Amino acid sequence: MQQRLQDIGPVRNIYAYRNFDRSLFELYSRTHSFVENAIHDIDLILWYVRSGVHTVHAFCRNTLGKQSPDVNWGILEFDNGAIAVLQTSWLYPPQNHQLLQWNSGMQVMGDRGVLEVSFDQGGFRANTEDTGIALLDQTAWADIHGEPRGAFGAMLRHFIACIRGDAAYSGATPEDAIASMRVAIRLVEASKSKDRSMCN
Numbered sequence: 003m004q005q006r007l008q009d010i011g012p013v014r015n016i017y018a019y020r021n022f023d024r025s026l027f028e029l030y031s032r033t034h035s036f037v038e039n040a041i042h043d044i045d046l047i048l049w050y051v052r053s054g055v056h057t058v059h060a061f062c063r064n065t066l067g068k069q070s071p072d073v074n075w076g077i078l079e080f081d082n083g084a085i086a087v088l089q090t091s092w093l094y095p096p097q098n099h100q101l102l103q104w105n106s107g108m109q110v111m112g113d114r115g116v117l118e119v120s121f122d123q124g125g126f127r128a129n130t131e132d133t134g135i136a137l138l139d140q141t142a143w144a145d146i147h148g149e150p151r152g153a154f155g156a157m158l159r160h161f162i163a164c165i166r167g168d169a170a171y172s173g174a175t176p177e178d179a180i181a182s183m184r185v186a187i188r189l190v191e192a193s194k195s196k197d198r199s200m201c202n
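In terms of my numbering, the sequence shown is numbered consecutively and its last residue is 202.
The hints are simulated quantities; they were obtained by calculation from the structure and are not laboratory data. Nothing here was measured: the structure is a model prediction, and the numbers come from that model. It cannot be assumed that every hint is accurate.
[To be verified] Only pairs whose alpha carbons sit at most 20 angstroms apart, straight line, appear in this in silico SDA-like list of lysine to any residue:
hint	residue 1	residue 2
1	K68	R184
2	K194	R184
3	K68	Q5
4	K68	T33
5	K68	Y94
6	K194	G67
7	K194	P95
8	K196	R63
9	K68	L29
10	K194	V87
11	K194	S70
12	K194	M183
13	K68	R32
14	K194	V37
15	K194	P96
16	K196	P95
17	K194	Y94
18	K194	E38
19	K196	N64
20	K196	R24
21	K196	Y94
22	K68	Q89
23	K68	Q109
24	K194	T65
25	K194	L26
26	K194	D113
27	K68	E28
28	K194	H56
29	K196	R32
30	K196	I77
31	K196	H56
32	K68	V87
33	K68	R24
34	K68	E38
35	K194	S31
36	K196	F61
37	K196	L93
38	K196	A174
39	K194	H59
40	K68	L93
Using the sequences and the hints, build the whole thing.
So, in structure tokens, the structure goes:
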């Protein structure tokens, strides 16, 4: 997605979702979902927007009675005017984990187009003024003859190429990870505050 951002112009709006099987919440309820799950989306959102977050809003519900809330919505307002909404929940029906497909994805809207990726439907989709619609299969966990394919396979192949010195790493840095964690913690704090918001 990062490689196609220039096709859509400045990022104005992002929506990210990540929903998990409720049976997994027994293990993962020990950590707030903004830190456990949404951190991955926060990493990507910060990488795509490249602007400071001035205000966060968070809304959480604990419907399963566990240590942490199982329904979590966050809104990030950026210094450059962009807005991002992220949502994560643990209410997806139990699944056969041999056939697991995550209900997760992201939509990025700019002045000249929309980029979308969904890991349980059609993969990656770009719809821009210049190129029209482009589709790229990025199924997360595809396995053919014991070899990982899709997004997971691509990630592993890139990692190995970096280790071998055949490719330069261009992903998130430790500083990016720290910035994402700070946003996640602000979301957790906002979800517990009376007005559900935290400003810089």
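Can you give the numbers of the hints that this structure goes against, from lowest to highest?
1, 3, 7, 15, 16, 17, 20, 21, 23, 25, 26, 29, 32, 37, 38
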